[in-house]
Structure formats: C-alpha cells, structure tokens
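J.: Below, each chain spelled out in residue letters.
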Amino acid sequence: MTRLRLVLCALAPALLLPPAAAAQINVGVTVSATGPAASLGIPTRNTVALLPTTIAGVKVNWLVLDDATDSTSAVKNARKLVSENKVDVLVGSNTVPNSLAMIDVAAETGTPMISLAAGARIIEPVDAKKRWVFKTPQNDQLMAAAVAGHMARKGVKTAAYIGFADAYGDGWWSEFSRAAEGRGIKVVASERYNRPDTSVTGQVLKILAARPDAVLVGAAGTPAVLPQKTLVERGYQGLVYHTHGVTNPDFLRVGGKDVEGAFLPAGPVVVAGQLPDSHPCKAAGLEFVRRYEAAHGAGTASSFGAHAWDAGLLLQAAIPVALKRAKPGTPEFRAALRDALEGVRDLRGTHGVFNPSPADHLGFDERARVMVQVKGGAWQLVP
Amino acid sequence: MSRRVAAAALAAALLAAPLLLDDYHLSLSCYIGMNALVAVGLVLLTGVSGLTSFGQAAFVGMGAYASAVWTTSPAVPAALGSWATSPWVALPVTLSLAALAALGLGAVTLRLAGHYLPLGTIAWGLSLYFLFGNLEALGGHTGLAGIPPVPVLGLALASPRAFHLLTWAVVLGAVLATRNLLDSRAGRAIRALKGGRLMAESMGVDTARMRAVVFLVAAMQAATAGWLYAHFQRFVNPTPFSLHAGIEFLFMGVVGGIGEVWGALAGAGLVTVAMQWLRDVLPRLVGQAGDFELVVFGIAMVAVLQRSPQGLWPLLARRVPPPPRRLDAGAPPLPRRAMPPRGEPLLEVRAVVKRFGGLTAVDGVSLSVRAGEIVGLVGPNGAGKSTLFDVLSGVADPDAGEVHLRGHAVQGRSQRAIAALGLCRTFQHAQLVTGMSAVENAALGAHRRGRRGVLAAAWRLDRAEEARLLGEAARQLFRVGLGADPWRPAGTLPLGQQRLLEVARALCADPCLLLLDEPAAGLRHLEKRALAELLGSLRREGMSVLLVEHDAEFVWGLADQVVVMDFGRIIAAGPPAEVRRDPRVVEAWLGAEG
Amino acid sequence: MSLDVALWLGQDGLVNGAIYALLALSLVLVFSVTRVIFVAQGEFVALGGLTLAALQAGRTPGTFWLLCAAHGAVALRDGAAALRAGSARGFGRSLLFHLGYPALLAPVLWLAPLRSAPAWVQIPLTLALVVPLGPATWRLAFEPIAGASVLTLLIVSVAVHLALVNLGLLSFGAEGVRTRPLSEARLSLGSVAVPAQAAWVVLFSAGLMAALWFLSRRTLAGKALRAAAMNRVGARLSGIPVALAGRWSFALAALVGAASGVLISPITTLYYDTGFLIGLKGFVGAVIGGLASYPAAAAGALLVGLFEAGASFWASAWKEIIVFGLVVPVLLWRSVAARHVVEED
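Just so you know, the protein sequences line up as chains A, B and C, in that order. Per this note's numbering, the first sequence starts with residue 1, numbered consecutively. Per this note's numbering, the second sequence starts with residue 1001, numbered consecutively. Per this note's numbering, the third sequence starts with residue 2001, numbered consecutively.
Source of the hints: derived by calculation from the structure; they are not laboratory data. Every residue gets a Cβ at the ideal spot worked out from N, C-alpha and C, and that includes glycine. Hints should not be assumed to be uniformly reliable.
[Claimed, not checked] With beta-carbon atoms standing in for the labels, derived distance ranges: (1) C/A2057 with A/V382: 26 to 36 Å; (2) B/A1016 with C/L2109: 34 to 44 Å; (3) C/A2299 with B/S1414: 35 to 45 Å.
This is chain A alone, in the form it adopts within the complex (with noise of 0.2 Å):
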C-alpha cells in the first residue's frame, strides 16, 4: 500500500491547489510551445516573460501553459485558468483552430480573451459568444489584400499558391484567392504540401507547369523557404511571395540566397527601424525588439512574440479603465475589462494602430501592414 499512498501523496496537490488571492491581476496565457506551432508559441511565451507585472498600480501574474498545438488542450488550459487560477483575461492561443476550440469557455465563464491567432473568424460576427473575444494578429484578408495589390501593380495576371496542409494554409487560400479575384488575377494553382515534408518537387512541378507570373507561398516560418528553394532549383523567373508568416530570423537565416527577393506583406514591427518617423507604430515596435532583444540575443525578435505585446498594450490600455468599475477576480471586472478593451481608441502597438468597436474586435487599418522585400538577407520596406 505504500507505494500506492506515495503515488496519491505526489498527486494530491495538484487536486487541491489554493485559489489564488484576489487584489492582484491574474492573466492566464495558453502558447503553442510544443507541437506543429512551435515556432509561433516559444516567442510568445519569451515575450510574456517581458510584459509588466504592475498595471495601473496593481499587481499583475501572468500564468502561462503550453498547448501543444492540441485544441483539446488549449481548451483544458482555458478550464484550468478559468477556474483554478480565476484568471481576469484569456491570452491565446497561437492557432486559430485552438482559439477558436476556446472561445466557448471564455464565453460560459464570462471570461474577456485576447486571441493571438490571424483568422477572422475567431473574432467574426461579434455575437453573444464573440462579445468576449478579441485579438491582436492582422486580419489574412488585410495582408491577403495587401499581396493581391502589390501583385496587380507589379503587372502580375495568372498566380499560384502554395500552402501548408492546415489551418495556416487553408486560411489563405481561402482569403487570397478572394484578395485575387478582386484585382483581375487569376489563380491558376492551388497545391498544398505539410510542414515537415522532405520534399515539394511535384506540387513545384505542378506549378510551374500552369506558369504562373508569381507564386505565393501559404506558410509559416522556416517551412516556407523549401517551396521557394524548389522554384529557385527548377529555374522559375517569376515572382515569389510570402505570408506574415515568415516574419522570424530563422527564415532568412535558413532560406539564404533562396529566399532573396520574396515579398511579403508583413505587421510595421519587422521593419520597425525603417519606418519613417511619423508611422504610428514605430515606437512601439522599437520598445518591443529593444526589450526582447535585450533578453534573447541581437536578431532574434520577431512578429510572433509581438503580437503578444500587442496583447499586453491593450491589456495596459483597458485595465485602469475597469478597475474604476471593479476589483479584479471578479465576474464584474472581467465585464468592465471587456467593456474596457472594446473601448480602447487609437492604441498604438507595434503592429498597427488599434480602434476596436462592438462590431470589430481587431479595428486595424492599412497603417496595420507594410510591404517588404527580402533584400541582401534582411527584411526591407518597399516604399
């Protein structure tokens, strides 16, 4: 029975852990740290560990979970933050399949949750459920926007997409080939390859025989540059794009002079030093790679982690504003902050200016992206 009585002993305190003390801002963060997304969740969660833990005077914890990319687990960390921690807001998660999986749980609990994911449809229509749900990554349908534009001014007629086999890629596919009907491009391919694939050769084989004048790669991080990598070996002349997507070191350091010449459209954070003085979100975006850079080493921010400062601006913007209506931990303060955070008017985060409203909970404009181009192995503004 010992054995037995250890193994109970060594469970008992995660059965029976303290509700936490009250008069203190608790944020409960669910990240994709492990699994498919990774690489989306790791900078998020290094760019928690920077946020403030005072606001407005009062203290705040932040509690951060990883989700391994899994919905069911996202939604089991939105539980647990809920009612174990009584978290004030929800932060995440990376994935727009894990924060959609969440939004009933922050709905039921009455619980304001900040997205951390691209989709519009996590925060598309605003009802009962979504009046809780907010988010800070752009739109695709912008940045989809953004693409089909640069694309038509470029003179581009026929296009081809290639995407991951997920929630990423399908996402895109959808928004751009919308973006790409509107400018009079047609899409003459749509191929989809997964995220660890060795090899993309028959979906560029695919491609390059409807000839596009420009491919636009639907994936995240260093995962897009193998696409690209296929086109440069197989002699394609056109032009490539990318997603926001890309937007981290380890693309450029891992897609080399295959990658020279993409664009992309991209959140104004990834060009923070060559925005002009007067763009809004200039400060923004040098405060925050100052500070993570600061933590984690020179070149090493990327808009990933942003998005999750962006999170903690509003956070910053609307607490005063709802602790003059309740005290934290309770279901009256959850309401004001959401109140609060629909409020919020002309913050301006690093990757665009924020203008939420009851029938927008994301309320950017243009100012939210900029085009870059992949110049001499760095990201650089196309004016």
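Got chain A; can you put chains B and C on it based on the hints?
T.: Then chains B and C, alone, in the frame of chain A:
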C-alpha cells in the same frame, strides 16, 4: 478491500465529484472518461482479441464530426425541426455511420495478416485524419464551431459539472457491458481469438465474425467518445484525431493494462492526470524556460512499463482481489444429442492424401469408425496421424480422397460445418486460453449448444443459458478429474491436466465422434487408468472415439480396432490382438520399443 | 505529363525512397534482433541533421548534453547493478567508457575551430555525437524488459519517441535548419539537372545498404546478429551474447538514422519533429517488405517514395490519403500471398 467495495467507492467518488471539484478538475475528469471509453474498446480489440489498432482516433473523429455536422450544418433538412439540431438525434446517426464505416474498414483490415494489420490501421487512420482536414463540409483544417451542448430534461449540459455525470454514466455503462460481454458465451469465443483461432473454429466459433464484432464494438465505443467530445468541446478540428492521438489511446491502454477492462480506466486516468500534473509542476520546478513535460512524461512511462510490463492494472489488482466465483449447481442440464445407433458407420475415410510441398504426410489412408467404438490410431512420430486428424476435423483440406461423417461428405468443409455434425477434437499441443479459468475453457466446447449473442451478454440477458453452459462445463471437468478447482487459470495447470482439460472441453460439445490426440501423454499411472475408465464409459453411452496415442498398453487395453500408420500409410488394421502380432507392426513400431 | 516531369518526379521519388529504404532496413534489423518496432528511429535523422547544422553554425550541439545525460544514466544503472550484485566487475569498464567518451569529445567541441572545418571533420564528429545515443537508448529503455510482448515494447518505443522529440525541441528549438551541401554541382541527366547532393543521397544509401547486407551475411558479428534474431535461446546457448546484439542493432539504427539526416539536411529543411513522418514512411516500406527481408524492405520503401512523388504532383492536398490509401491494397495482396494463417502475437 474487496473489488465490490472498490467499485462502489469509485462510483461514489464519481457521483460526489461535482460537489467537491472545481470546473477544471471536472473537465479533466470528463476527458479521462472519454479517453477511457476509447481505451475500453482497445482492451477488447487489442488486449483481448490481439488486434492492434492505431486507428481508433479516426473513429473518435468520425463520431465527433458526424454529430457536429448533424447539429450545425444547414444541409440537414430544416423540415426535421428541432431534430436537426438535437445531439440526441445525432447520436444514433453517428453510431450508425460509425458502424457502417467499421464494417467497411473491418472487412479490409481483418483480412490483413500479422504485422500488416496494425499497419493497415495506421494507413486508414492517417487517411481519415487528412480527409477530415480536406473536406470543406467539415470546416477543413480549421474546424467546426458552434456545436450545441447536450440537453437533458430541458437543461443544457454546458458546464463540466453537468457533463461529468453524463460522461461517466456512459463510460461506466460501457465498462460494465464490456465486462459482461467478456464473461459470457460470446466473450469466451472472443478471448480465444488471440492465438486460439484454430481451436475456436473447431469448437464451432465463427472467428471471422467474432473479430468483426469486436472491431465494430470498439469502433462504436470510440465514436460514442467522439460524440461526447464534440458536445463537450463544442468545437471540432482534425488535430485531436491524428495518428498521434490513435497512438496515445493505445498508449493509455498498455500503460493501464490492456488485458483488463479496468486497465483502460487506470491508463486513461494515469496518462491524462500525469500529463496535466507535469504541465503544472515542472514549470514551477525548472522555470518557464523550456518544455520538459513531454520529456519527463516519456521517461516516466518507460519507467512504469519497466516496473510492470503488463501495465498498471495488475499492480492494482493484486491489492484488490476478485471476489470468489461460484457455479450454479441447480441449473438444468443442456439437452443432449441423440447418439447414432450402435454399430452404424459413423466415419468413413477413403484414400485420403495430404501433401505439404514435396512431402506426402498422408498417403492414401482409408479407415472407418462405427458408432460406439473406440479406434486406436498408432504409429511412430511423423507417421501422419496428426495430419490425418487435421484433415478429418477440417483444419486441413485433403489433396485427394473422401471423408464421410454420418453419411455426409465433409472433405474440404469448414471446421465449423464438421463440428456441427458432431465431431469434436483435442490437439496434440494443448490449445487453451491460458489466462481463462479451467471451467470457462471447458465451456468454450459447449459454444454450439448455446444461442445467446453479444447484445444479450452485454446486458446480462443470457444468465439462464450461461448457468447451464457453465454447469455442463463443471460436470465435464468433474468427469475428467479436474473438478477440484474449476476457476484456476488454465495456463497454471500441469501439462497432463491441460490435456485432460482439452478432453473435458471436447466432451462439452456433446460429440458423437471424439478425436483425441495423445490425451494420456504426461499423465501419471492412476490418471491414465481413470482416463481409460472414462473413455470406456463414453463408449457405453454410445459415443465413438478415434484415439491417437503413444502408450501402447493404453491402446491395446481400450481400443476395439487399431490402425497402425507409418510414413503416411496404413500398414495394419484390425482388432488389437491381431494387429499386435502383425510382423510389419512389430518391425515398424513395437520393435523400437522392445 | 511530359517526360521531363516524369523524370523529375522519378528523381524526387528515388531520393526520398532511398532515405525511406535506409530507415526501413534499420527498422527491420532492430525488429528482427530485438522485436522492438523502433518508432524513435526517425528522431535520429533529425538529431543527425540538427547536430551537423549546429556545428556548422559554430554552436555546441545540444546532442552533447544529451549524450552526457544518457551516458551518465547508463553508468548509474550499471553502478546500481554492481551494488546489487555485490561485485564491481565490469562496472569500472562501464564507468570508464560512459564517462570517458563524452570527456574525450568535449575538448574537440570547445577548442577545435569546427565552424570552418571541412565536412570530413564535421560529419564524423556528428556521427560520434549521435550514434552512441542508440545503444544508450537500448540500455536505458529496452534492455530491462527485453522479454516483454511486442506491444509493450512498441509502447515503450512510443514513449522514447516522445521524450526524444521534445529533447530535440529543447536542444535545437522549433525552427528548421539546413546544412551546407557536400557539393554545389549539378549533374545533368538528359534535360534534368540533378543537384549533386541528391545523387550523393542515392549513392550513399545504396552503399550503406550494401554494407549492411554484406555485414549481416559475411561477417561473424552479422551472422551472430542474425542468429540472435532467429532464435534468442539458441543463440545464447551457442555463446552469442544476445544483450550485445541489442546494443549493436541499436547502434546501427542510430548510425543509419544520423547518416540519413546528414545526407538530406542540405537538400531539405529539417526540424526537431521531421523524423516521425520519415520514420513512419520507412516503417510502411519495411512492412510492405514483410518486416523480414532487407531487399523487400528496400523495394517497399522505394515504392512509397515514388507513390509520394506522384501523389504530390497530381493531388497534393490528398497526398497522404493517396499514399496511405494505396498501401492498403498492397497489404491485402501481401496478406493473401502470405497465405497461411498467421496468429498475431
């Protein structure tokens, strides 16, 4: 602590949980329940029947998606009214869909041999997972949202508190039904599937059908878990149904103890709680810098399995001994077959030939057995006796020749068809379900004398018949001298007694022709004498026996006729007194033994 | 489809198939000797590539710390066994090897200018770092329960896979790597200009496979391995140390995995979790070959590679469905061909 008390404590804990635990721990408990439900199916499929499946997650996904589509899709006709969005209407739809899919996939999968079978499950498991992501109607890779909660008595079970009871009612229902099933006529047949298909077939079990049934049951349990998942999560996307999830279910089963139904619960509980607990504790110990959970989890599971390769359950079961079992002595005996009139030709073998490649194992053998006669088949090792048995019982098809049993030509017929005509056999190497008790092994022989199937067994509608079957088994055990400890696991019996158990099992079939393959090997002198007496009394009852035996004295004293084989041919046949004087016999066989 | 496209696809399928074939072979080897279906085989591919990339980037690869930890654990276990047995025989040697080996590597890693070193220095060093993890895995995870059922061993190997993948994530991060190719040259075959590295992959794989085959047929060690595979008790009776056979087969598996990783890292991007899918396809190939014969496993793996290349051209979104869907009829055909009733164990 007895097992009954333990089960009552578990049930009480589950009932009380909504009062004691917070939402998070209740939701964890719900996930444990859903995982356990899938793992229970795997216990049946993999642990008991020996069919390793990595694809159960695909059935969970099918259940989840079917219900999600039914309750959210505008494609479901609006004329159905509130039915179109009701999870309770979706449940039978889901289950029928899963059943159809299981029948289709099972038809292919169960044809696969050896290692091809698990790989087959990987193949369709992966394919279905990618299919979920590729179908626009299922929300693609992003998923389907807005699934309604399950309503009970007008109350929507939205919170984990409410859902907890529903989940565990379903899980415990499934656990009990599965346990009931395994403790029944059909269950014994299922337990013989792993390693004993040949034997089971000769007892009249349709093993192909039983395998399909098991596959179907496991799939339906997985789909039910999927239904629960969809309405608890209220969002579905493909990732929870990936191959990794399929592996994880198997993982839970094996860690918990895949041989026992409760092992599934233990495994699902341990794996789910351990993972969540590590996620909780490790960051506090080593900081937020890295993700050590899965590393520690993997190492911990290796340690668990090194401690107990059979999984957790055997460790727990040792502390909670099962209650002693009793047999119902008052059950009326089973009806018996009318024996053919004494002297009637029962078995006619004409010029049977069986070749294996270049080797002719049986070469033109003819012999006959009359009703109420004991015929001894003797000859040195490799003379072809066991091969002849295989041909007679339908295990092997003869290359030429005819076999007539009670006037029916049976060469090339299935083992089951031959068993139906009243032939039952034992095997040279005892073919017992080693983990099953002696009396249940014996009752397997009476399989053809019962009717009740899987559903009746699951809901305990088979008890009257079951008592009669077990009563018959106990009687035959007693008859062969194994009546002392009917619940002893067959694998723990000494080899000689295992052979006697084979005889008892064959007697349970109430045959008119008994084929015994070296029943006396490994028996002590007194036991042999008892066996000879038993065979003699069977003969008096009108039963016929064809007996392969090495012990010459045993045969001479008992048989009415003796057939001597050597190198696949019959070299002598007739009454024992004549045959033992035959010079060829002396040379070929007796000479060797002096 | 033009001839051009067919050639390209054939080339692509061949290169991928060659890697799958290598993994299929070592899966067959490990399974036949130890009855372990080594799910973590693919992790060695990732570790090989990631370690080489770290060396080329001038970083100390996390594999070194992994090696230290694994060897430390093995030494501890040997120490505990020596304590229990009450005799230190053999423990001294174990200690010397398990602690001395990393100690020997450490100065090379820290002092030598590895970043700029030529490939013939970096690659052997990579193998020296990764390969010992194979036998260590065997010692730590499998040896204590070598007699358990195939299913239990499989589940242990899944647990090892989980631990190794996430150790890879911890040591190398989530982003991918690519290494410098051995040669930038391109060979032109007709209208198709094949990168020399692709030719290297195929040649090396073929060479390694031939070597494996030769080892198993012609050398004493290989014969002993095969004997251990066929009959454990018999092998032990005739004086073949079965425990050693386990270690050697895992060392070979690690070598094959790491070498595959080194070979393909210049032509694709490798991630900490790349290994699983590659390993799975190798496994599919091995099973198609019946998990017993080397040439059949290699042929099965090539078939998978070609299937995949074709499917990614015709219907990339449905690629995995097609590849794994096509596997089912092949399995059916193999099952019918196997004929006799195989009882699952």
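J.: Name the hints, by number, that the structure is in violation of.
T.: 2
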